[in-house]
Amino acid sequence: MDWLALSNEEWTAIRLSLKVSAVATIVSLPFGILVAYLLARGKFWGKSILNGIVHLPLILPPVVTGFLLLILFGRRGVIGAFLNEYLGIVLSFRWTGAALACGIMGFPLMVRSIRLSIEAVDRKLEEAAGTLGAGPAWVFMTVTLPLILPGVIAGMILAFAKAMGEFGATITFVSNIPGETQTLSAAIYTFTQVPGGDAGAMRLTLVAIAISFAALLASEFLAYLVGKRVHIE
Amino acid sequence: MTLVVNARQTLGEFVLDAGFTSDGGVTALFGPSGSGKTSLVRVIAGLSKPEHGRLVVDGETLLDTESRIFVPKHKRRFGYVFQESRLFPHLSVSQNLAYGRWFAPKTTAPDNFDRIVELLGIGLLLDRRPGKLSGGEKQRVAIGRALLSAPRLLLMDEPLAALDDQRKAEILPYLERLRDETTTPIVYVSHSVSEVARLADKVVIMKDGRVEAIGMPSEVLSMPSTDRRDAGAVLTGVVETIDIPHRLATIRLSQARIVVPNAHAEEGRSVRVHIPEREVMVATRRPEGLSALNILEGAIAAIEPDGEGMARIRIRCGGDTVLARITALSVERLDLKLEKRVFAVIKTVALER
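Quick note, the sequences are listed as chains A and B, same order. Sequential numbering from 1 applies to the first sequence in my numbering. Sequential numbering from 234 applies to the second sequence in my numbering.
Be aware that one or more of the hints could be misleading.
Below are the PhoX-like pairs computed for lysine-lysine, each with C-alpha atoms no more than 25 Å apart in a straight line [unchecked claim]:
#: 1; chain 1: B; residue 1: Lys339; chain 2: B; residue 2: Lys365
#: 2; chain 1: B; residue 1: Lys282; chain 2: A; residue 2: Lys124
#: 3; chain 1: A; residue 1: Lys19; chain 2: A; residue 2: Lys124
#: 4; chain 1: B; residue 1: Lys339; chain 2: B; residue 2: Lys308
#: 5; chain 1: A; residue 1: Lys124; chain 2: B; residue 2: Lys365
#: 6; chain 1: B; residue 1: Lys282; chain 2: A; residue 2: Lys43
#: 7; chain 1: B; residue 1: Lys308; chain 2: A; residue 2: Lys124
#: 8; chain 1: B; residue 1: Lys440; chain 2: B; residue 2: Lys282
These are calculated hints, taken from the structure and not from any lab test.
Please work from the sequences and hints to get the whole structure.
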């Protein structure tokens with residue numbers, strides 16, 4: 001069973017992938033909830049434009065998204081130069097850049113899921129909370145958020161899964177640097193490009209399957225726990 | 234407590250233009266569906282904003298469109314009981330009950346959790362989820378939740394309309410206790426004469442978005458404008474005895490006694506009885522061999538023909554006036570005249586509450 005043992009480099013790629021995906025999911029969550037709320041409830045000019053921009057990564061070829069990120073967030077890009085100069089944050093060719101690319105690719109999936117659950121919330125319950133003395137922020141925290149929790153969890157799992165599988169945008173934006181930006185998918189791709197890399201590719205493929213399954217089971221379990229708590233009539 | 238409200242609001246085709254004042258107690262907004270009762274209560278609660286309107290409670294202006302005052306709903310401290318209980322499905326019953334209390338100013342929230350739980354009979358439900366409650370239980374919890382937010386005014390929007398008759402009968406006694414044992418003024422929306430008759434101290438009759446009449450239940454509920462089928466006398470009395478085997482209660486009115494079905498009555502409690510006028514028969518001699526339990530002797534105080542073959546007879550029985558709706562033909566045949574001695578015959582079954 002020697003061929004099953006993972007090399008150090010492979011471990012690094014797995015850890016990096018998990019880190020990138022987790023950070024991408026968690027950091028994009030507040031923005032995801034905010035944008036989903038705006039799209040579900042907001043009435044403002046340019047709502048359909050916002051909706052379009054959010055969904056763009058879903059429609060565009062990932063390489064195009066990666067290239068746009070490179071233009072915007074690269075060291076000489078409009079936003080990248082600003083971040084570098086004033087905040088000392090460099091995204092290009094760093095794992096943080098990979099997290100940004102993964103977060104943006106998963107964002108439409110997260111927003112869709114959360115938006116649907118916000119639209120399904122019975123607004124009469126929020127009205128009732130208001131008459132009981134809860135201000136809008138409290139209503140959101142104590143009524144809306146608990147009721148949309150299943151949708152939020154589903155959105156997070158989708159975004160995480162998308163981040164684990166993200167390849168095109170990441171490799172275009174931050175390249176394929178072992179130990180810094182070489183994620184699981186990129187590592188598998190690299191293995192397939194060298195002679196005798198099949199065993200490594202197979203090992204990582206099995207790991208990818210295991211992680212995806214674990215994420216799926218975790219989401220099912222969380223949904224079950226939440227479902228047990230919330231009995232929507 | 235004083236409440237002054239006026240509102241004008243256009244909702245599509247419908248125009249609400251109504252207002253009333255209240256000095257506490259139970260004020261019922263009464264009228265057919267679509268008459269604007271709920272729209273008016275939503276204005277009071279701050280759930281909708283009228284084009285023109287004013288709302289003053291105890292001298293504090295909560296809404297004045299002229300001076301652009303609009304206190305948002307969560308700062309008004311009005312409890313609202315909705316037609317559908319609107320309990321939070323993700324919280325247990327006790328968490329639902331505690332929800333409003335958490336936002337109430339600590340100084341004004343008396344520690345009355347146990348008392349309200351007892352008053353509404355929901356002690357055994359505290360650990361359950363709202364999804365596992367019956368309709369009547371849900372509504373009692375919703376009333377408790379509103380009360381525990383320490384409201385200065387309780388708004389109840391058809392709280393019984395979604396329930397069947399049995400559930401209604403189960404909750405009405407709790408509402409009577411609520412009226413008698415708490416000082417919180419109530420605005421009660423209903424289209425049911427019997428509910429209004431039992432609960433209200435003052436009735437505001439609404440029709441097509443306007444206020445048609447305001448007065449005591451005994452005055453306005455016998456007015457011809459009320460739904461003809463339910464019009465009748467509203468009498469106040471005290472529960473004197475309860476006949477448990479037969480499930481009946483005897484209520485002492487000013488002088489006469491009347492037997493009603495016992496729906497959770499308590500001895501010594503003051504209750505109102507609504508006697509629909511179409512359920513009352515008139516006899517000139519004391520009838521015998523009759524199943525009806527209530528035969529009240531009195532004198533005719535008025536005969537009001539409606540011009541459509543019917544007449545309303547007012548019969549003074551001791552200090553109470555019973556209304557009877559009979560045909561003009563019967564008036565002729567019995568030779569009914571003012572001050573003539575007659576017997577009002579009322580089936581107990583017709584008084585089922």
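Each hint, compared with the structure:
Taken as a hint, the B:Lys339 and B:Lys365 pair is broken in the structure, with Cα atoms around 31 Å apart against an allowance of 25 Å. Between B:Lys282 and A:Lys124 the alpha-carbon distance is near 17 Å, which keeps this suggested pair within the 25 Å criterion. With a C-alpha separation of about 40 Å, the suggested pair A:Lys19 and A:Lys124 falls outside the 25 Å cut-off, and the hint is violated. Note on B:Lys339 and B:Lys308: the hinted pairing holds, with a Cα-Cα distance of about 14 Å set against a maximum of 25 Å.
Between A:Lys124 and B:Lys365 the alpha-carbon distance is near 20 Å, which keeps this suggested pair within the 25 Å criterion. Annotation: proposed proximity of B:Lys282 to A:Lys43 holds, straight-line Cα distance about 18 Å (limit 25 Å). Taking the CA atoms of B:Lys308 and A:Lys124, the gap is about 18 Å. The hint holds against a cut of 25 Å. Using a Cα cut-off of 25 Å, the hinted pair B:Lys440 and B:Lys282 holds, with the two alpha carbons roughly 21 Å apart.
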